[in-house]
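6 protein chains.
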Amino acid sequence: MTDIVTFGETMLRLSPPRGDRLERAREFDVQAGGAESNVAVAASNLGCETTWLSKLPDSSLGRRVTSELESYGIDAAVAWDERPESRVGTYYLEYGGSPRGTNVVYDRADAAITTATAEELPTDAIADAEVFYTSGITPALSETAAETTKTLLHHAQANGTETAFDLNYRTKLWSPAEAAAGYRELFPYVDVLVAPISDVRTCLDLDGDAVEVANHLASTYDFDTVVVTRGDSGSLALHDGEVAEQGVFEADTFDAIGTGDAFVGGFLAQRVAGADLKDCLAYGAATASLKRTIGGDVALVTREEVERVVTDEGDAISR
Amino acid sequence: MTDIVTFGETMLRLSPPRGDRLERAREFDVQAGGAESNVAVAASNLGCETTWLSKLPDSSLGRRVTSELESYGIDAAVAWDERPESRVGTYYLEYGGSPRGTNVVYDRADAAITTATAEELPTDAIADAEVFYTSGITPALSETAAETTKTLLHHAQANGTETAFDLNYRTKLWSPAEAAAGYRELFPYVDVLVAPISDVRTCLDLDGDAVEVANHLASTYDFDTVVVTRGDSGSLALHDGEVAEQGVFEADTFDAIGTGDAFVGGFLAQRVAGADLKDCLAYGAATASLKRTIGGDVALVTREEVERVVTDEGDAISR
Amino acid sequence: MTDIVTFGETMLRLSPPRGDRLERAREFDVQAGGAESNVAVAASNLGCETTWLSKLPDSSLGRRVTSELESYGIDAAVAWDERPESRVGTYYLEYGGSPRGTNVVYDRADAAITTATAEELPTDAIADAEVFYTSGITPALSETAAETTKTLLHHAQANGTETAFDLNYRTKLWSPAEAAAGYRELFPYVDVLVAPISDVRTCLDLDGDAVEVANHLASTYDFDTVVVTRGDSGSLALHDGEVAEQGVFEADTFDAIGTGDAFVGGFLAQRVAGADLKDCLAYGAATASLKRTIGGDVALVTREEVERVVTDEGDAISR
Amino acid sequence: MTDIVTFGETMLRLSPPRGDRLERAREFDVQAGGAESNVAVAASNLGCETTWLSKLPDSSLGRRVTSELESYGIDAAVAWDERPESRVGTYYLEYGGSPRGTNVVYDRADAAITTATAEELPTDAIADAEVFYTSGITPALSETAAETTKTLLHHAQANGTETAFDLNYRTKLWSPAEAAAGYRELFPYVDVLVAPISDVRTCLDLDGDAVEVANHLASTYDFDTVVVTRGDSGSLALHDGEVAEQGVFEADTFDAIGTGDAFVGGFLAQRVAGADLKDCLAYGAATASLKRTIGGDVALVTREEVERVVTDEGDAISR
Amino acid sequence: MTDIVTFGETMLRLSPPRGDRLERAREFDVQAGGAESNVAVAASNLGCETTWLSKLPDSSLGRRVTSELESYGIDAAVAWDERPESRVGTYYLEYGGSPRGTNVVYDRADAAITTATAEELPTDAIADAEVFYTSGITPALSETAAETTKTLLHHAQANGTETAFDLNYRTKLWSPAEAAAGYRELFPYVDVLVAPISDVRTCLDLDGDAVEVANHLASTYDFDTVVVTRGDSGSLALHDGEVAEQGVFEADTFDAIGTGDAFVGGFLAQRVAGADLKDCLAYGAATASLKRTIGGDVALVTREEVERVVTDEGDAISR
Amino acid sequence: MTDIVTFGETMLRLSPPRGDRLERAREFDVQAGGAESNVAVAASNLGCETTWLSKLPDSSLGRRVTSELESYGIDAAVAWDERPESRVGTYYLEYGGSPRGTNVVYDRADAAITTATAEELPTDAIADAEVFYTSGITPALSETAAETTKTLLHHAQANGTETAFDLNYRTKLWSPAEAAAGYRELFPYVDVLVAPISDVRTCLDLDGDAVEVANHLASTYDFDTVVVTRGDSGSLALHDGEVAEQGVFEADTFDAIGTGDAFVGGFLAQRVAGADLKDCLAYGAATASLKRTIGGDVALVTREEVERVVTDEGDAISR
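Protein chains in written order, with the UniProt record's numbering: chain A, 1 to 319; chain B, 1 to 319; chain C, 1 to 319; chain D, 1 to 319; chain E, 1 to 319; chain F, 1 to 319.
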């Protein structure tokens with residue numbers, strides 16, 4: 001049986017070597033990356049059976065995405081789009097330190113996923129799973145994608161599968177107001193909300209500290225659990241009026257992309273394993289910290305490594 | 001003064017290392033490539049002043065294209081598209097020897113050029129040039145692009161600039177019937193037609209050998225000059241009932257993409273220089289042959305190298 | 001249900017860039033390669049469900065092998081060896097043209113697979129499959145491996161699964177006499193024998209042409225089908241006294257390693273699909289030919305590409 | 001019209017990968033780099049029309065330099081040296097962190113530029129420009145180069161073009177005493193002096209803090225403006241007895257080479273734009289800071305990025 | 001005459017690019033590395049004549065090791081193992097920052113060196129040398145290697161060659177108890193002991209600070225000199241009751257592997273040069289610090305660079 | 001004792017990837033290459049003790065050359081030039097197939113070797129050797145180099161060391177007339193002349209076939225042995241009126257640079273081994289053929305491989 005099912009877009013990520021600019025790029029490193037498959041991979045590496053639902057063109061580029069994801073041990077349950085004009089979304093990632101900053105250029109309009117309907121996806125997998133996860137990126141992709149997201153969340157809840165949702169606000173996809181409206185369409189079907197505090201402030205117009213925000217969200221939208229992430233300031237989770245907190249584990253950052261997804265993957269894996277909130281946060285934080293040391297979107301870690309971080313063992317050269 | 005102005009789309013060309021398949025690609029070599037800029041670069045390397053007209057997003061990826069082209073010495077006169085959703089066309093190139101064959105996957109739908117109108121392009125450059133060139137790819141990109149192509153060809157002729165047009169049929173862009181209709185819209189404004197014999201057969205439904213085809217085209221559409229290219233079998237040109245012929249110069253092929261464009265660039269450069277038809281064909285063939293030894297879309301050659309091929313000097317190690 | 005199950009060793013293949021020698025190598029390209037997984041991948045790419053059985057250390061290097069193989073769409077059913085001293089076999093591949101020749105240096109002694117017993121492998125998969133395949137490399141690895149090979153072949157036959165075996169003689173693993181003895185232990189459990197003519201001559205001491213060899217083998221050992229491969233001279237298959245023949249499809253060779261395995265994979269895929277002998281040989285030959293154009297051990301092809309070769313369509317640039 | 005004209009040597013910069021030493025280098029990254037073209041590129045990226053004057057061999061290596069520079073959008077106005085023995089200067093750059101330090105090995109003796117005379121350079125461009133810039137490297141290259149530098153500075157002033165000069169002392173080119181003498185030859189023709197404080201101390205034997213140094217230089221040599229740069233301690237500018245100061249913007253340094261040139265380019269671009277001294281320093285500092293995050297000699301930045309640093313916006317991942 | 005002779009295993013070191021994990025590695029950088037050859041190279045770069053003794057297969061991979069080491073200027077005096085099954089040890093190095101840590105995976109079982117006997121090694125070189133060095137890795141490789149280590153240390157002492165030994169405890173080779181027993185077999189033949197404080201604590205069960213440990217070791221085992229290294233806390237040396245101390249020189253670490261060996265190489269080179277203990281420590285620390293800035297196992301430094309660190313000169317860009 | 005001593009310049013060879021042009025090169029592969037060290041390496045690989053004499057700057061770039069050469073097993077006996085302005089010659093190698101051809105751009109003027117005098121070289125090694133070898137490149141470098149070449153050849157002959165000399169005419173270094181005069185200065189001191197037939201025709205103005213040329217040279221200049229090489233047409237040797245001939249061994253050429261030097265190295269190694277003329281030619285031809293399959297200037301071969309070619313064994317994959 002599958003533990004976790006996720007749904008969302010995975011793109012080809014094209015990045016020039018460090019120190020190079022897109023305007024001059026001579027070569028790109030190629031990887032598959034997307035929030036929901038990132039979450040599935042992280043959870044899979046921690047021992048969950050995971051399935052990722054999506055739609056891709058039936059082409060060498062579409063298979064480029066699934067073959068990489070399957071090498072990570074997740075099940076890629078993809079609706080293959082046979083229209084010749086169907087495309088894979090791509091994104092260009094330019095690394096940069098301060099003050100330049102890392103830059104992401106999307107070229108994802110009209111990707112196959114924007115046409116994905118619930119009918120063409122294997123929704124049985126959702127009904128059988130422990131957790132169904134998607135993020136705020138998916139409904140932002142197209143009206144069809146938003147409709148499908150809602151249908152799948154509803155379908156999950158109706159079948160007793162816990163639903164988890166990360167706001168994952170993307171400026172380049174929609175405005176704060178559009179996002180807020182989109183989120184509110186989905187909140188009735190969400191059990192576990194993961195809310196980056198900056199997204200909450202930008203889109204939902206909530207002030208107050210993380211605890212106040214969590215309480216407000218939980219009471220307003222009746223979530224079972226609310227997780228608020230605060231970047232370097234750590235995370236907290238609220239359930240039944242009880243709050244658990246977790247700091248970040250320091251990391252030598254090699255590639256920050258996917259940190260949040262690694263957190264969610266670690267959190268959900270431990271939740272599926274029946275751990276308490278505090279423990280789920282710790283595994284999320286440890287997975288996120290390890291992710292930062294690894295190139296690419298996904299957290300190529302082992303459960304043993306995550307546990308070593310949680311129990312705070314050293315990082316000397318192991319020989 | 002500019003000698004040659006061209007108009008068309010230039011894409012980012014992404015190619016995995018030789019022997020690798022797109023389905024597994026881990027890295028892409030990045031280059032700018034497009035028929036009309038390829039022609040401009042080849043002619044420029046042979047000594048012409050050339051300007052390439054196009055439309056690109058005002059982004060790092062758009063500037064990626066122009067900065068490379070300007071490094072080749074051509075003038076990139078680009079209408080910058082400021083819409084955030086504007087995109088650069090891309091194409092994926094997978095090298096392959098027999099029996100697999102080289103494969104091209106386009107991802108060019110809705111590129112900025114599909115919205116290019118004559119009004120936003122610097123058409124004065126065309127009026128002042130000796131030759132205006134575009135190819136059958138451009139009108140296939142969108143209705144707007146087809147309209148603009150026609151307007152520019154008309155504008156050139158009206159101002160005494162010779163017009164040159166290569167059929168450049170692309171299966172993945174339109175059907176033979178659509179192409180034929182598209183071509184016929186433009187033929188009245190074309191002085192020099194470059195016609196790959198296979199495109200003629202596929203789209204224009206003409207049989208007969210190259211001379212018959214050239215005569216038929218010249219008489220039907222009243223072209224000043226018709227050049228028929230026949231792959232390994234060489235080329236011929238017809239003007240005023242007179243035929244010139246040219247074989248191919250043998251090459252150790254490293255990268256065949258852009259061979260036809262190199263031919264046209266060499267041909268037009270020599271035409272601008274006032275050479276006779278036979279000489280134009282020879283320079284075209286020599287430029288094309290050298291191109292095949294060089295990676296990328298464009299013919300990075302010198303006039304001296306082309307002349308050495310035309311006069312058939314050896315290729316021993318030069319030291 | 002699984003169509004084809006294979007059993008054997010897969011190694012890490014380390015190869016310096018072309019033109020470089022092992023004695024000076026500064027970098028290695030890394031791939032997973034092994035005869036029986038190569039066969040599984042080729043068959044999988046042609047549409048079969050395939051499972052590969054093996055034993056690997058429970059380590060990052062062991063997972064390096066399975067994650068690559070699973071990215072190719074096959075099921076890696078591996079007995080994980082938890083002994084700290086367990087190792088993955090490696091082989092060093094130095095490309096070289098004539099007169100130097102390509103050279104392979106093995107470092108595979110004491111790899112995990114040498115301790116694999118039938119008990120620790122998921123033999124149910126064999127019983128349920130259409131075809132079980134292994135090659136003469138496996139019994140050469142250790143006495144335990146030889147014993148396990150025999151047990152699995154026997155188990156397959158006993159459960160009505162057709163068995164296929166490729167002699168795959170390796171000078172560096174055993175002597176011709178040892179190989180002959182090893183083969184003869186297994187022949188009673190083999191239905192389909194794939195016999196490279198040079199292996200037959202070296203180890204089994206048979207002269208005569210390919211037809212004579214096939215007949216002799218079939219009558220001596222009572223094989224259902226004998227396939228004799230003859231390198232550039234093509235292949236033939238004998239069944240019930242009837243002979244089918246197939247020439248090779250010409251290829252621009254990029255990497256010859258794995259050609260034979262691609263042939264077997266194509267042959268078996270078509271056999272599972274119920275094709276006649278001639279057709280099986282044709283698919284084998286086409287898969288092998290395509291393999292030669294691709295870097296690495298495995299035939300990263302599509303069924304459509306194989307069929308295009310079988311029906312002999314051209315290999316011009318496809319755009 | 002051109003805003004800024006610069007004159008100086010640009011070399012091929014050859015650098016092994018980080019962590020590698022020149023004594024073992026197996027591969028070099030190749031870039032074009034030189035103080036005066038670096039300044040031109042930075043200013044160009046901030047919106048100026050810039051022209052760089054130099055002399056190079058008429059060879060593939062000479063064109064290697066100009067084609068890269070033209071891809072950066074500057075005009076390369078080069079006197080082509082047709083002597084077969086003419087050479088491009090090269091420099092080898094070995095990256096190294098503390099305590100090893102980055103090391104530069106020059107191989108620039110007898111480069112084409114050492115023979116450049118004012119007569120063979122397009123001096124009209126200078127007369128028409130707003131600013132003419134060169135640095136203390138140029139007169140150190142040869143007697144002829146020193147003479148030409150003086151002639152061009154004089155020519156600029158005589159035609160109402162503001163002259164700017166950076167001491168840019170290079171130990172490997174001349175002694176402090178030689179440099180001091182060389183500088184003093186040129187100071188009468190300099191309006192804006194850029195003076196790294198360490199160069200002032202080493203060559204001009206001035207003590208005191210930056211303000212004292214600036215005042216001393218301004219009064220002694222009658223400069224219109226003196227800019228003193230102090231590495232991590234920021235910069236100050238003196239004009240008409242008024243002092244402006246600017247700290248550095250912190251940067252994650254990827255490649256420190258060219259930081260000073262980026263500062264000058266940003267400073268001059270803003271000066272041409274009519275900004276006040278304080279603003280010029282801020283743009284210089286911001287351009288310099290961004291440069292440090294980018295590989296290669298030149299500041300591949302946009303005006304928008306520089307302004308974001310000046311107004312101190314964050315550097316989170318932009319998506 | 002040779003100054004320093006060392007004896008030990010040198011392996012092929014295979015490392016994926018930074019940020020990549022072994023489980024996904026696509027390419028390996030290849031280098032030769034081993035404690036005792038690392039020491040020899042460091043000492044050689046500081047001006048010593050050094051010879052390294054070992055045993056390797058007589059194959060391209062064996063020569064891969066010696067050709068690299070000889071390029072570093074040391075003499076590789078190798079017993080060539082002609083058994084076809086003879087192998088070179090390999091180790092896989094995965095870089096990782098905190099909290100993941102750098103990881104080393106050994107594949108060194110049954111390497112040629114495990115069969116090396118004193119008889120097949122050129123022991124005359126030892127008798128003629130100033131210093132003979134080996135480390136605790138060597139006796140851990142096999143019983144034969146342990147026996148040979150003892151014989152060579154004894155042989156050195158008997159011929160008036162000073163012996164130096166670094167504990168170099170490796171968890172993956174033997175247990176603390178086994179190591180302690182192994183060390184105690186050799187201590188009678190050791191003059192200079194280099195003892196990482198953590199190895200002392202793990203294996204020899206000694207508490208107390210470094211001075212106490214040094215005194216205890218010196219008095220218990222009658223060493224002439226004891227050097228205790230304490231990672232970031234520096235080192236101290238004890239001789240004749242006198243203690244010298246040395247802090248570490250700060251470094252921007254690029255590759256920490258081989259730091260300890262560089263320390264020993266610098267220490268021994270200076271000892272051979274007749275310097276006092278404090279000076280030996282300083283050269284050791286400086287060599288170690290420089291090593292950290294360089295990729296690979298060995299300290300590719302010059303004596304001049306080491307002296308610049310010892311005398312604490314800056315690390316600005318040198319040009 | 002040394003078998004063969006050679007004298008000449010070795011440069012850094014910088015080559016962009018195949019298919020790339022120098023005008024756009026982004027990276028260079030770096031190798032050490034020079035005719036006389038190439039010969040020494042080839043002979044060394046066939047079992048000779050060889051020493052190469054030269055002069056290089058005492059710098060990281062100078063050591064770059066010697067460390068590579070010493071990794072090939074030859075002894076680099078170099079006069080270290082301590083002048084700061086001393087330089088290593090470089091050459092740029094651009095690969096190209098027909099009709100473009102491979103191109104070499106030299107940047108070797110004023111390299112350290114141009115100042116090498118016999119006094120600063122270890123001439124004792126010459127007196128003790130079997131053979132002293134240099135080529136026509138060396139006297140073309142400078143008057144000093146020409147004088148030193150003559151002195152060393154004379155010194156060799158005077159001490160009973162056989163002298164060998166390859167014309168190795170280089171258009172880019174001197175004119176045919178200058179070369180002829182230079183050669184004639186040296187011929188009195190040459191025992192074995194290696195004469196590429198095209199060099200003979202270009203510089204020495206001799207017609208006739210290879211046998212006639214050999215006879216003419218032998219009788220005119222009183223050489224002990226004359227070897228005439230004819231590219232693809234093979235070679236012949238004349239001694240005492242007796243002629244031996246040898247065809248070329250076919251090769252898949254990967255890198256043709258150094259083919260002639262490999263021939264000479266193989267020829268001389270076998271001559272030192274006391275073989276007859278025919279056998280020397282065969283080893284030369286086999287070494288040359290193998291060289292063509294290997295990247296770089298030098299013949300990284302083994303004696304076993306050369307013998308396999310001489311005895312004409314196949315080149316199938318060896319496993």
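One thing to keep in mind: the hints can contain errors.
[Said to hold, decoys possible] Restricting the straight-line Cα-Cα distance to at most 20 Å, the calculated cross-link-like pairs of lysine to aspartate or glutamate (DMTMM-like) are:
#, chain 1, residue 1, chain 2, residue 2
1, A, K172, B, E85
2, B, K172, C, E304
3, D, K172, F, D232
4, E, K172, C, E85
5, A, K172, B, E82
6, E, K172, C, D110
7, E, K150, E, D58
8, C, K172, E, D58
9, C, K172, E, E82
10, C, K172, E, E85
11, B, K172, A, D110
12, D, K172, F, E82
In case anyone wonders, no lab produced these hints; they're calculated from the structure.
For each hint, the structure was consulted:
{"no.": "1", "hint": "A/K172 - B/E85", "verdict": "9 Å, holds"}
{"no.": "2", "hint": "B/K172 - C/E304", "verdict": "18 Å, holds"}
{"no.": "3", "hint": "D/K172 - F/D232", "verdict": "49 Å, violated"}
{"no.": "4", "hint": "E/K172 - C/E85", "verdict": "9 Å, holds"}
{"no.": "5", "hint": "A/K172 - B/E82", "verdict": "14 Å, holds"}
{"no.": "6", "hint": "E/K172 - C/D110", "verdict": "18 Å, holds"}
{"no.": "7", "hint": "E/K150 - E/D58", "verdict": "25 Å, violated"}
{"no.": "8", "hint": "C/K172 - E/D58", "verdict": "16 Å, holds"}
{"no.": "9", "hint": "C/K172 - E/E82", "verdict": "14 Å, holds"}
{"no.": "10", "hint": "C/K172 - E/E85", "verdict": "9 Å, holds"}
{"no.": "11", "hint": "B/K172 - A/D110", "verdict": "18 Å, holds"}
{"no.": "12", "hint": "D/K172 - F/E82", "verdict": "14 Å, holds"}
When each numbered hint is compared with the structure, violations occur for hints 3, 7.
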